[in-house]
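Asker: Listed below, chain by chain, are the residues.
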Amino acid sequence: MLKKLITGALTAAVAITASINAAQAEDELFIPMLSYRTGPFAGGGIPFANGFHDYLEMLNARDGGIGGAKVVLEECETAYNAQKGVECYEATKGKGALVYNPLSTGITLQLIPKAPVDEIPVLSMGYGLSAAGVGETFPWTFTYPTSYWSQMSSILKYIDQNGGLKGKKIGFIYLDAGYGREPIPLLEQLAPEMGFELAMFPVAGKEMQAQSAQWLNVRKERPDWMIMWGWGAMNATAIKEAAKIRFPMDRFIGNWWSSAHADLVPVGETGKGYIGANFSGIGTDFPAIQDIIKYVVEAGNSQADPSTVGNVLYNRGVYNAVIVAEAISAAQKMTGKKSISGADMRMGLENFVLDQARLGELGLAGFTGDLKGDCVDHEGGGSVFFQQWNGSDFVKISDPIAPMADVVKPLLEEAAAAYKADKPEWQGQTCG
Amino acid sequence: MFYREAGQFKTSYKQYMQAFPIREDRIGIAIWLAIALFYVPFFGLPGLEYTFAMNAIMIPVVIFTITAIGLNILVGFTGQISLGTGAFMGVGAYACYKLTTYFPDVNIIIIILASGFVSAAVGAMFGLPSLRIKGFYLVVATLAAQFFLEWCFIRVEWLYNYNPSGAIEVPQREVFGLIVTGAAAEPATRYLMVLGFLILLTIIAGNLVRGRVGRGWMMIRDMDIAAELIGVRPLRTKLSAFAVSSYYCGVSGALMVFVWLGAAEVESFDVNHSFLYLFMVIFGGLGSITGSYMGAAFIWTFPILMKEMGKRLFDIDPIIMENVSLVAIGALIVFILIKEPHGLARLWQLVKQKLRIWPFAH
Amino acid sequence: MSGIFYDVLADPFLQMWQMPDFFIQVLWEGFVSGILYALIALGFVLIFKASGIFNFAQGIMVVFSGLTLVGLHALGVPAFVALIITLGVMYVLAYLVERLVLRNLVNQPDIILFMATIGLTNILIGGGQWIFGGETKSMITAELMIPTGSSVWEPGGGIVIFQHIDIAAALIAAMLIVGLALFFSKTKVGRALRAVADDHQASLSVGISLNQIWVITWFAAGIVALVAGIMWGARSDVSFSLQIIALKALPVLVLGGFTSVPGAIVGGLIIGIGEKLFEIYWGPLFGSGVEGWFAYVIALVFLLFRPQGLFGEKIIERV
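Just so you know, the protein sequences line up as chains W, A and R, in that order. Take the first sequence: its position 73, counting from 1, is numbered 68 in my numbering, and each next residue is one higher. The number in my numbering is simply the position in the second sequence, starting from 1, with 85 added. The number in my numbering is simply the position in the third sequence, starting from 1, with 97 added.
Among the clues, some could well be false.
What the hints assert, rightly or not - Coverage of chain W stretches by chain A, computed from C-beta distances (three or more under 8 Å per stretch; other residues unrestricted):
| id | region |
| --- | --- |
| 1 | 348 to 354 |
| 2 | 357 to 364 |
Said to hold, decoys possible - Each pair of labels, with its calculated beta carbon distance range:
| id | chain 1 | residue 1 | chain 2 | residue 2 | range |
| --- | --- | --- | --- | --- | --- |
| 3 | A | Thr375 | R | Val286 | 41 to 49 Å |
| 4 | R | Leu172 | W | Ser336 | 46 to 54 Å |
| 5 | A | Thr375 | R | Leu172 | 46 to 54 Å |
| 6 | R | Tyr103 | A | Pro189 | 36 to 44 Å |
| 7 | W | Gly263 | R | Ile228 | 51 to 59 Å |
No lab work stands behind these hints, which were simulated from the structure alone. The C-beta atom is built at its ideal place from N, Cα and C for all residues, glycine as well.
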């Protein structure tokens, strides 16, 4: 028994060594995928991971990779767990990882201090630390296409455009964790400035499927609008509870992680009218998505259920992959090399241009707003549009609404300075 | 043949009382220590990439061994089951963060050792119900501690210095000119630091459990009424077990965040982690310090090993392996409880027994 | 008119008085979640009574049974056939648990059995995710003919909303409890169960098969879990995060006593209503979100003063 165990363990160890050595081949672009298909938030993690994976696999199948170098993806399961996140990071960073997209605020917070040391950029696309959008302080962290704070300001702008904000009461229901608490400083700052009243409804992570108390409080407080910062099973439950207290759905706005098909399909007709923020296109009517279906999904190389291709989170995964791919090709052009390093990747992330013309070339015309990599502005100046659930699908209902940069920027810089204050090793660094 | 104690005579009580009375054990420990101190920090583990071996395996295993020893003092030695380990680690981590931001110039080692006392105080407070109840009822009491403390870690913003991210962000600290916390710290430095803590705390725990205090704990575990009759005070004994156990958990929590993770929010201290630490103790062996080492190492490395094996040898999807290792750990827990309720530590003793008489059958 | 005494002792009651319709709504919501806690606690009690095992896996059994039902339906099995197959799956689970785990752990200390059920929890989480995937799934409410509308009651200008699904949950729970009570008192197997609960050895000596009884109790707990899974799944959705909520059954048990079926019901209602009232009327004083620990802290206080619970049969082992 013991002998068998020892031999088994040795075989495994040998196998691991062999595989690590094998990964160092030529002209490969190694991209680790810190995804989660298990755990409490798997409902959101699965479609996002599928979209990310399928776009890059499509580039491999259709174009032979990016700029002649093949993309090598390695998926590592984090289960939205910070400790597993470290494990995945350590398991992949030595293989020439170009960029990390952890899809978890907790894991992002851990990676931010590591990024400058290991020289691997972190692209926390619309999550993570809002302050990380300040490129001079956070040269290795990117929050393209925009941060939580900017998103919140866009949502407030939308409310202002649809019935005014002054004198109204805004309810904010959020996952009581780092992620959900992120926009609170902005809300608290803006409430007196824009003249609205604020009511907060925290939902504890483990209680996210028992929200009747929060919604009773909503009924007591009678807010005019509700804004939600939720994730995973929390979203569908919140929408059901809102329907139960007969809160008007078209006054209920979810952020971009709270308005996906995964959240609304289980709710169905009940959620009709629910509004969500978004920054990536919906549906499969884009040539690039069609290519994904043709080269990856129909070839059987995708883990995605074909009916989920084109869903909100799937397409957002695609968008994340598009940014990565564009940054890689920008870096390839700048360095003249096929296979690049993490430092080159950062340069690429600061210099790519994803305007409508380029989106058209990629087969994603109208998929999203303009996005331009920049040294100082790691937020990318993206904007948010709004979509509404019609009972079975999302429909786009607004043009992109730009964030209130004048309000958000100084706040971001203040937060970035506070982050840097007690880090002596961060004082000297800057972007570019 | 290799492990023979015949001919080793004790000529004084002092010799009789030493921690490792058998010469072969002393040699074995010396070899392990030599490997841990002089081989691992420079070469990592054979067959694994250096930083992966250090940051993803060795450092967490060493930290969790401290946790497992702490939990074992409570569960294994004193017989008080606890599901609040994760939260007690959190108390240590948040205390360490507060202390080091108030006193940035004090040596971080002193801060970590001090933060354990905060955890010990909180642990003893939540240990109070154990004076009246035991068994499953105590599980509920420790769960109350777990959930209440989790809530505090989010709600009491003072604990994380009002960071908008709601997380502890570890500042860089140096010890004797070497960076030990923050991302810039070398893996070897961090490893040696946590190993130093582990060695120190193991020596203390080893001597506690074989001394008067530890015997009191075990008497309470084996039969509390009899223990009381022969003069063991339940109040002092139980609360000391809670305090010492929480001290270990607190120190390991502070080390986990400061030396290993680098940043942490409440998720790192949730109830699922409490289960994980309990598994380490069950698996390693209740009431055994050696077992705590083996349990922590096994429970932490097993899923990693499964994942890698599945991927490399059989090309199985890592997600499936994730679930397979969940099932396997559950099944192994049940299996070991059926076959060997004293865990890996007991297996190791059986091996020693066999070695002692090898090559003869009896 | 402020100060801590006013906030704690006067203001909440004033609010209740001023908005009676809202107060009734809070009570009703608390009642419904209390029913669901009670259902989960009932599963614990059944197993604890018959075998003295504190079955930590009851929470995941709720999720697992719900997932099996939904998963089968997604494969195209008609809803009621799926329900019957799910019952079959729960029976197989009960049989396997008895055969592979309990039988081998007879005469071990309670704490070892408890830890074995934690291991079982891990197996069910991993197995459930492996088979059904980790996504949140919606319960097949309409297919099972559970009503989904709502009724409105307007007492004196106010409004109280009753969801039909909640009324159904309360009725089904009541039926289940009556059914179990009848089963325990009127059938031969039920009497055997009670005999085992009273004294293992004495019941063995009169020819009751312990193994068989254990399978039956675990199966009964599986049925209760399935009902709880359906009802909770219909209110929110079926996902693995329900498992942590299911731990709320533990404080319920402390209140009601580990061996008492009526205790589980009353304990569930007290916890359910109490935590809603506390959250709504006193929660803001703590910055709200106190539901996560309120029940446990109540249980803790209870443990210090009445460790055997409200309906506990015997004084628990005390030190």
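Asker: Out of the numbered hints, which ones does the structure contradict?
Answerer: Hint check: 1, 2, 7 fail, others pass.
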